[in-house]
Structure formats: C-alpha cells, structure tokens
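Chain order of the listed sequences is P and Y. Numbered per this note's numbering, the first sequence finishes at 145, counting up by one with no gaps. Numbered per this note's numbering, the second sequence finishes at 808, counting up by one with no gaps.
To be clear, the hints were calculated from the coordinates, so they are not data collected in a lab. Treat each hint with caution, since some may be false.
[Claimed, not checked] Pairwise CB distance ranges, derived in the manner of DEER restraints:
id : chain 1 : residue 1 : chain 2 : residue 2 : range
1  : P       : VAL80     : Y       : THR739    : 30 to 38 Å
2  : Y       : LYS458    : P       : LEU29     : 28 to 36 Å
3  : P       : VAL80     : Y       : ALA210    : 44 to 52 Å
4  : P       : GLY88     : Y       : SER753    : 33 to 41 Å
5  : P       : GLY55     : Y       : GLY755    : 36 to 44 Å
6  : P       : ARG38     : Y       : THR695    : 44 to 52 Å
7  : P       : TRP34     : Y       : SER581    : 28 to 36 Å
8  : P       : VAL80     : Y       : SER581    : 29 to 37 Å
[As the list claims (entries may be wrong)] Covered stretches of chain P, going by a simulated chain Y footprint (3 or more residues, C-beta under 8 Å):
id : stretch
9  : 34–43
10 : 75–81
11 : 100–110
[Said to hold, decoys possible] Chain P is faced by these chain Y residues, among others (derived, beta-carbon under 8 Å):
id : residue
12 : PHE488
13 : LEU491
14 : GLY533
15 : SER539
16 : VAL540
17 : ARG668
18 : GLN669
19 : ALA730
20 : ARG760
Built from N, CA and C at the ideal position, the CB exists for glycine as well.
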Amino acid sequence: MDERVSTPSRGGTKPKFLIGGAVIAVALLGLVGWAMGRTGSTAYFLKTSELAARGPTTGAAPVKVNGNVLPESVRRDGLVTEFTITDGKADIPVTTDQALPDAFWSAMAEGSDEVEVIATGSYDGRVFTAGEVLAKCPSKFKAKT
Amino acid sequence: MISLASFGRPSLIAALLFAVAGTSLCVAGAVSRRAERTQSGARFLVSAAFFTGAAALSLLGALLAHDFSLDYVARYTSRSLSVAYTFAALWGGMEGSLLFWTVLLTTFAAIALTRVPAATARLTGWAGAVLGVVALFFLALLAGPADPFTRLGAVPPDGNGLNPLLQSPGMLIHPPLLYAGFVGFSIPFAFALSALLTGRLDDSWFTATRRWTLLAWSSLSIGIVLGGAWAYTELGWGGYWAWDPVENASFMPWLTATAFLHSVVIQEKRRMFKVWNVVLILLTYVLAVFGTFLTRSGILSSIHTFTEGDTGKWFLPFLAVMLLGGLGVVATRLDALRSENRFDSLLSRESAFLLNNVLFVAAAFTVLWGTIFPIVNEALTGVRVSVGPPFYNSVFIPLGLVLLALTGLGPLVSWRRMRPGALSGLVRLPAAAAASVALLLVATGVRSAGAVAAFSLCAFTFTAIAAEFARGGRVYRRAGAPWPQAVAAATARNRRRYGGYVVHLGVVLIVIGFAGAAFRVERQDLLRIGESMAVGEYTLVYRGVETDTTPEKDIVQANLLVEREGEPVAMLRPQRNVHRAQRQAQSEVAIRTTPVDDLYVVVTSFDSDGAAAVRAFVNPLTWWIWAGAVVMAAGMALILGGRRAQPTVAPAPSVRETVAVRP
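Bound conformation, chain P alone (with noise of 0.2 Å):
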C-alpha cells in the first residue's frame, strides 16, 4: 500500500498513531502470509506430462493437473467415475467419487474430445485421485456458427 495513502494526517501524527498503524500493518501481513502457507491455500497446477514427471504426491496437499478426456475411457460405476486424461505426451487415469459436472457428460454424450478437465487431488504414480473435477468444455456455440 502506498505509504503516502496509509497515513493521512501527514506531518505532526502522534508516535502512538505510528505504533499503532505499524502493528496492524505487520498483523495484516502476517495474517495473509499464514492463510497462503495453509494446506489447500495454493495448490500446484500441472500439466499431465508434468504430473506424471514429478511422480507421487507427497502429504496433504492437493494438486491441480489438467488434460484433455479421451472420450472412449470414460467408465461411470454407481458414484465412482473413471476416465484418463492426456496433454499428448503423457496419459494419466483419474478416478473420483465426486459428481462431475453437466457439461462434462454433454460434451461426452457427444463424443468430443476437446473437453479439458481441471483435477484435484492426489496421485500415488499410476492414478489421480480426485476430490474435484471441473470441466471446460470447448463453446459448441462458436463451433457451429
């Protein structure tokens, strides 16, 4: 923040003023600097080939990997949804138990292989457990005009 904004009686404010609006300022900092540091907070967004690279997750923090579907391994057993996702270098299987959305059935129901999913969660060196699947299906609109 811009010191000359932060302090508007300028040129005779009181010590007390000074102390006071320098705790607040490194409380404020210190409050945002902890809330990034939490688990969940930031998540590292990969590629598939840079996942499949990198290998296992470690600990609890989630990553984001991105792909695109291909549309034949898309398997549904009651809750659980499997399907493999690819960058064109690197395959990965990504298995979840969690609704995924609308747009991502629609795309497949018509076969698209265009649609890219956005996965978070874990991955022990074979397959992407996920906890979140979002789907950026391509706009059909403009494909059709």
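Got chain P; can you put chain Y on it based on the hints?
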C-alpha cells in the same frame, strides 16, 4: 431487408460522434472556465446517451424478433426461449453486455451532468470530460472489436439459445444490478477527478454525488447477494460463494466502496482523510472496470466468462491510463488535500473509522492478491499454482469478525476523544449479551471456535445497535410516545444514521448465516428405488422417478420423501433436465428452506435402471443470509428514501468547524 437491427450500427456511430464532440466541449469548457461550453458539451453527451439507447433498443428489437441474421441473436437466443430470457440475452453475451454497460454509463452521465446542483456547477466540465472519455472507450469497442451487430453470411433457421444455467430468474436482475453498481461509481469518480483538476477540494464533490454512490453501492450489494442466491439454487454444489475470480471481481470494488462510504463521513465531519477518499473512489472505479475486464478477457476461466473474442486486451491499457492518470492528478494536489484536523486520541470515532477503512482495503487487496497471484507467479517463476477458498477463508474469517465487532463498537465511540470509562459503560450490555451467547453455545456442546466467536460477536453488535435505537427513541419516549413510535420518530429524524444501523443489522443476520456453514453436513449415495440415505437429522427415501416433456426440455425427476425422526416432513423433487436446443443436461436442485436449516438435494445422474446418484447437504442457518440481505436493502431504502441529507457537522469546539455549515 430493412430490420430494426439496421439502425444499430448507425446509432452507435452517431453516439460515438456525439461523445467525441461532447467530450471536447467539456474539456474546452473546463479549461476556459466557460460554463456555456460545458453546458453544450453536456447536451452532446445527452445525445450520445440517446443514440446508445437507440442502439440497445435496436438490438433488443432484433432479439425479440428472432432476427437470426445477427450473429449475436443466433448465438444467445432461440425460438423456444421465453420472452423474459430473450430480453435478458441483451446482457447475456459479451457484445450485448458491453452495450448495456455503455447505455447505463451514458444515461447516468447525462442525468448527472444536466442536474448538477449550483454548488458543484464548476465541477461539471472536467466531470463531463472524464465521463466522456470513459464512454468513448466503450463506444469505440462497440464500433470496432465488439460489434454486437455483426451479420451472419447464411441465416440459420434457429439460434443456439441461452446457456440453460443462465436461464434463472436471478439472471434477469443480477447482471443489471452489478452493472448499475459498477457504472454508478463512475459519477463520484468523475466528480472526484474534477475536484482535483479544478482545485475545488472541499467536500462538494462527494456530497453532490452521494446519492449516486449510495445507489451504486446498494445495487452492487444486492447484485452480489443475488449472484450468490443464483449460484446456490442453480449450480448444485451446495454453496453460494466459491471465491471464483469473477465473484472476486465484483467483491473487490464493493469492499473499497464500503470503505469509501464510511470514510467520507470523517471528511464531512472532521475535514480529514481527503487524499484517502479520493484514492478510495479511484480504486473502486478502477476495480469495477477491472471486474468488467476479468469477465470479458477470458484470461481466467469461470462460469461467467465469455472466452470468445479478445476484447479483453483493450481493457488493460485503459485501466492503466485511469489508474496512473488518477494517481498522478492526486499527486499534484497533495498540498491542497492536507487534513484540516489531526487525530486527537486513539480512542475516538476517527480511529474506529480509520481501522474500518484499513481492514476493508486490506480485505480488497487480499482478494486482489489471491485473484492475480496465479498469473503473477506463473509470469515470474513459470510455475503454475492456483489459490483456493482456504486462503480467502483464513483471511476473511478473522478480518470479518474484527469488522463485525467494530460495527457494534464504532457508533458507541465519540468523535475526537473519549474516556475509556465512558466507553466501558456503553459496552457493558452488549458485552454481557456476547458472553451469554458464548457460554450458552459452549454449554450446548458447540466446539467450533470460529462459530462461537461469530455468534457471540453477532450478539454484541446486535445489542449495541438495539441500544442505539433505544437511546434515540428515549427522547420521544419521555414525551409520552410508546416505544415503536418513539423509535420510528428518531429514525425519521435522522434517516441516514438509523438507515445505516438497519444496514448493519442486516450484516449481523448475514454473518449468522455465514457462521452456520461451520455445521454443514454433506452426503452422497447411489439410491435404487425404495432405498434411503441419512443426512444430518434427515432421512431421504427414494420413492420413484417421474418424467415430463416441455417444448424446451425433457425432465426426469426423482421423488424423495424427507423424514425426520421417522415422521415425513416434505417431498423433495430434484430434476435432471435435458435442454434440447443445447443438447445439454442440467440438474435442478430441490431445497427445503427453514430458518433453522436448508435441506439441499441434487441428483447428479440417473442410471438406466432408475438408480439415482444423490448428493445432499444440510446447510444450517443459510436462510439468515437472504433475510439479512432483505434487511440491508430496507436500510438502504431508508437512507435513499429520505430527502437530500442536510450536511451536519459534528459537535466540535473549534470555531472553524462550527461555522462550516453549508446552505
């Protein structure tokens, strides 16, 4: 074929030309200080508003007439779309929403510039110039890269229709309210810049534009809440706020605007914080345009963004010019913006307001940091990361709790200085209420520290506000009026103050709703017909499937009997619908709402044998969020419904201040 749409582009070009003329005349009038030039400039800008409106009407006409020769109409509507959503398609796509933005901007500018109170007449020139430049930017976008009137070579028999997710009553009002909020801040922004450029740095710029600020803030507040309500009822993940970049985009200007609403009070009463106020309105407006940029640029993906098109790239230079230009003008006027008073004491209303401001602005910067951190980090280190809700929640829960306490405490503290003893007398009752609530919750087994803190601070602030109403009413009570009339009389006498308290009460209720999220329960299960699942204290029994067909969609509906302690309490009917125009399946949530909790049920898929994947949530106290929003809206109406507030000056010993009452 001559159609309504044929008038669109010529109208836009005319609006652009009038805006060029109007802006030039306003600049000329401001530089030469000749009011008649400024006035004719304002009249040209009124004409620009007229022609922008004509362009919007022409697009609306084309939408309602299903003129699919227009790319925009074909992309966002279809013959089967209802009239209301066809109307809403005006702001449902990128080009249309920019046109809508521009209509609001030019209309607001026309009204503000032609109905200027005498005290601020000399600000009109530069204010008109600033508004004209902003209008020119948007009109140039519409005339060039974001033309809503692009024709298709071959006219399709039917359009693509509106995204089914956007076909919700909230969509009819949520975007217009947000836009009215964003655009509304351009009026105080323009007058603030004008005050800087003309050197008339008294508080006339914000008293003259106070209603605009309040209206913009109210629209933005209600718009944000409606956006949350839309997400809650349509998206099916059980929540109302996901810290999505575009939600953040509307929240950042709201935070700085809220800081601004509070800090102008200090300038008004104590002639302090002048630089701060100008910078706050500048930040608010830049963040509002930044919000528009985020939604239009496609640099961040979310439900709100229109990824087609590259209109976004035009926004960055425009934003940079506004921000740097604005700060540059502030820098040249620093001497004239010096405070006329100093802080007298740490324990004073001024300090409370200052803390409020620091926290709101820190909150805005936190959101900004989280929103742009992934972009900055990737640019600097090449490593892609994402910032998730845990970050925002970790910052906002403590910040929000301090702000909540301040909401109750601030109005109790007197201006200039206060003896700690005098304050502790006023705090006793609210503190007792807070302590009782905390003890009660702990005794009944509530172990979430955040929730206990939130509920007890809600009790504190609620009691403090109630006591303020009681103090206000006491005078009339002594004159013999019964309590309700006494409080009403006090409120009528100072609508701004008590309206503000009503808004604060709404905030307290909303926080109760937020705190309820600590006790949220979520379950999902695959149910065959006849099977049941438990969620919280409820049991859902899957009784069967029904199907139906409407012109727009095929409906598949699950009938779920809700039981509580063995007794049936409701039947919930979540659906999965296939919208034919888009060949898109969509879940319709079923919610049973009570003030105690919401039972929220969504079917994420049906199997061919009728088995349903059911996701169910118990969301305690969510009802209070919407109730609090209604109370907030009532407070806003109370403030805005009053006559133009007479500026008042706080009781202060210095002679200079006591004579500073304007006519």
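So, going through the hints one by one against the coordinates:
Between VAL80(P) and THR739(Y) the Cβ separation comes to about 33 Å, which falls inside the hinted range of 30 to 38 Å. Checked against the hint of 28 to 36 Å, the C-beta distance between LYS458(Y) and LEU29(P) comes to roughly 33 Å, which is consistent with it. About 49 Å separates the C-beta atoms of VAL80(P) and ALA210(Y), a value consistent with the hinted range of 44 to 52 Å. A beta carbon spacing of about 34 Å between GLY88(P) and SER753(Y) agrees with the range 33 to 41 Å that was offered as a hint.
Between GLY55(P) and GLY755(Y), the C-beta spacing of about 43 Å keeps the proposed range 36 to 44 Å intact. Range check, ARG38(P) to THR695(Y): Cβ separation about 47 Å, and the 44 to 52 Å hint holds. For TRP34(P) and SER581(Y), the Cβ-Cβ distance of about 31 Å falls inside the hinted range of 28 to 36 Å, so the restraint holds. The hinted range of 29 to 37 Å is not satisfied by VAL80(P) and SER581(Y), whose Cβ atoms lie roughly 48 Å apart.
Chain Y is given as covering the stretch 34–43 of chain P, and this holds because 9 residues of the stretch bring a CB closer than 8 Å to a CB of that chain, at least three being needed. Residue count for the stretch 75–81 of chain P with a Cβ under 8 Å from a Cβ of chain Y: 3. That meets the three needed, and the coverage hint holds. Closer than 8 Å: that is the beta-carbon criterion, and the stretch 100–110 of chain P has 7 residues meeting it against chain Y, so the requirement of 3 holds. Below 8 Å, beta-carbon pairs count as interface contacts, and PHE488(Y) has one with chain P at about 6 Å; its hint therefore holds.
Interface hint at LEU491(Y): satisfied, since its Cβ lies 6 Å from the closest Cβ of chain P, which is below the 8 Å cut-off. The beta carbon of GLY533(Y) comes within 6 Å of a beta carbon in chain P, closer than 8 Å, and the hint placing it at the interface holds. For the restraint placing SER539(Y) at the interface with chain P, the shortest Cβ-Cβ distance is roughly 4 Å, inside the 8 Å limit, so the hint holds. Interface restraint check for VAL540(Y): the shortest CB-CB distance to chain P comes to about 5 Å, inside 8 Å, so the restraint holds.
Using the Cβ-Cβ criterion of 8 Å, the hint placing ARG668(Y) at the interface with chain P is not satisfied: the shortest such distance is roughly 11 Å. Taking 8 Å as the C-beta contact cut-off toward chain P, the hint placing GLN669(Y) at the interface holds, the least distance being around 6 Å. A distance limit of 8 Å between C-beta atoms decides the matter here; for ALA730(Y) the minimum to chain P is near 5 Å, and the interface restraint holds. Residue-level restraint check for ARG760(Y) holds (minimum Cβ-Cβ distance to chain P is 6 Å; threshold 8 Å).
In the structure shown, a violation is registered for the earlier hints numbered 8 and 17, in ascending order.
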